[in-house]
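With these hints in hand, go ahead and build the complete structure from the sequences.
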Amino acid sequence: MAIVGGAAVAWPLAARAQKSAMPVIGFLRSSTLANSMQLVTAFRQGLKETGYVEGQNVVVEYRAAENQRERLKTMAADFVRRPVAVIVGNTAAAMAAKAATTTVPIVFATGADPVKVGFVTSLNRPGGNVTGVSFFATQLGGKRLDLLRQLVPSATTIAVLMNGKNAFSVAERKDVEAAAQAAGRKLVVVDVRADHDIEPAFATFVQRGAGALLVLGSGFVFSKRKRLVALAARHGLPASFDQRDYPVAGGMMSYGTSITTAYRQVGIHAGRILKGEKPADMPVVRSTKFEFVLNTTTAKALGLNVPVMVLAQADEIIE
Numbered sequence: 001m002a003i004v005g006g007a008a009v010a011w012p013l014a015a016r017a018q019k020s021a022m023p024v025i026g027f028l029r030s031s032t033l034a035n036s037m038q039l040v041t042a043f044r045q046g047l048k049e050t051g052y053v054e055g056q057n058v059v060v061e062y063r064a065a066e067n068q069r070e071r072l073k074t075m076a077a078d079f080v081r082r083p084v085a086v087i088v089g090n091t092a093a094a095m096a097a098k099a100a101t102t103t104v105p106i107v108f109a110t111g112a113d114p115v116k117v118g119f120v121t122s123l124n125r126p127g128g129n130v131t132g133v134s135f136f137a138t139q140l141g142g143k144r145l146d147l148l149r150q151l152v153p154s155a156t157t158i159a160v161l162m163n164g165k166n167a168f169s170v171a172e173r174k175d176v177e178a179a180a181q182a183a184g185r186k187l188v189v190v191d192v193r194a195d196h197d198i199e200p201a202f203a204t205f206v207q208r209g210a211g212a213l214l215v216l217g218s219g220f221v222f223s224k225r226k227r228l229v230a231l232a233a234r235h236g237l238p239a240s241f242d243q244r245d246y247p248v249a250g251g252m253m254s255y256g257t258s259i260t261t262a263y264r265q266v267g268i269h270a271g272r273i274l275k276g277e278k279p280a281d282m283p284v285v286r287s288t289k290f291e292f293v294l295n296t297t298t299a300k301a302l303g304l305n306v307p308v309m310v311l312a313q314a315d316e317i318i319e
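Counted from 1, the sequence shown has number 17 at position 17 by our numbering; the numbering is strictly sequential.
For the record, the hints were derived by calculation from the structure and aren't laboratory data.
Careful: at least some of the hints might be erroneous.
Calculated cross-link-like contacts (lysine-lysine; reagent style DSBU-like; alpha-carbon spacing at most 35 angstroms) [what the hints assert, rightly or not]:
#	residue 1	residue 2
1	Lys48	Lys73
2	Lys289	Lys278
3	Lys48	Lys289
4	Lys275	Lys116
5	Lys289	Lys73
6	Lys278	Lys300
7	Lys300	Lys174
8	Lys48	Lys300
9	Lys224	Lys143
10	Lys116	Lys143
11	Lys224	Lys165
12	Lys174	Lys289
Just so you know, these numbers come straight off a predicted model, no measurement behind them.
The following block contains the structure:
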């Protein structure tokens, strides 16, 4: 029994030693991991393309602030203390990591302008310990409003749901407001920052006579996507979103950059850093793959006849 017991203790120690010999990547998100597994899968694919397979020759440790951004500072500091070989994260997470270290490499995925938000001094020559992928989230609001108008031309008042704590949603709102003014549409904008804000937001939309809904992207809003899709259906609001996951969950449409493609590139960047490249010399990648996904079943359930010209623009049709 003593021999068996000793072996039982020694095996975990040997396993931990083998694990610690592998490079460790810290994967940090401001929202939830449960709602981001498609991004994790894409990240792993990018790593694999550079020769790294999780559990075989690299360890990935996952942390999520669960929409409580004040936790990011502690989580980033923990990764730095270890230290991990690379930290990857979405905008808020990468910001926290950048504030915590000037030496540990950081790879971001952001919908903002990386220079304006202070990640890098130049897209082509980042110059520090930070590089990553930009996927143009804030410049697409006008296009999404235009597609929504084509699908619901009778909607003269359009609801806008956004998270006002998110700087990129605020920037996208300006784009949407300019497009709405040019198209002669009235907007009803409601700010949601917590669970208890969501139901009252839809009540406001109905009360104000909104004929369609535009949901601006943020980590918090994305984590509530199934609830938002269900509420849009309950209130009969044709809705436009920024990511494919929404129409897959039953939302009417989405238009935006492919964030899964961006996270695959984040994985490639992380793998290249593990191989010895320096973030300072790795240009920021600008993701230019845009996706218009249309759920025609949902459109029909809302009583809409989808114009042929809109169908022709769709990259993917969900029936």
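(request) For the pair we were handed, Lys48 and Lys289, check the Cα-Cα distance against 35 angstroms. (result) The given pair, whose Cα atoms are some 21 angstroms apart, holds under the 35 angstroms limit.
(request) Verify the proposed pairing of Lys48 with Lys300, using a straight-line Cα cut of 35 angstroms. (result) Violated. Lys48 to Lys300 sits at ~41 angstroms, over the 35 angstroms cutoff.
(message) Check whether the Cα positions of Lys224 and Lys143 lie no farther apart than 35 angstroms.
(response) holds, 23 angstroms
(message) Would the hint linking Lys300 and Lys174 be met if the CA-CA limit is 35 angstroms?
(response) The hint holds at about 31 angstroms.
(message) What's the verdict on Lys275 and Lys116, does the C-alpha distance respect the 35 angstroms limit or exceed it?
(response) holds, 29 angstroms
(message) Tell me if the straight-line CA distance from Lys48 to Lys73 falls inside 35 angstroms.
(response) holds, 29 angstroms
(message) Given the hinted pair Lys289 and Lys73, is their Cα-Cα distance within 35 angstroms?
(response) holds, 32 angstroms
(message) Check whether the Cα positions of Lys224 and Lys165 lie no farther apart than 35 angstroms.
(response) holds, 16 angstroms
(message) Hinted pair, alpha-carbon criterion (35 angstroms max): Lys289, Lys278. Please report holds or violated.
(response) Cα-Cα ~26 angstroms, so holds.
(message) Just to be careful, I want the Cα atoms of Lys278 and Lys300 compared with a cutoff of 35 angstroms; is the pair within it?
(response) violated, 51 angstroms
(request) Compare the distance between the alpha carbons of Lys174 and Lys289 with 35 angstroms, and conclude whether the hinted pair is satisfied. (result) holds, 23 angstroms
(message) For Lys116 and Lys143, compute the direct alpha-carbon distance and say whether it is at most 35 angstroms.
(response) Judged against 35 angstroms, a Cα distance of about 22 angstroms means the pair holds.
The structure is inconsistent with the numbered hints 6 and 8, although it conforms to all the rest.
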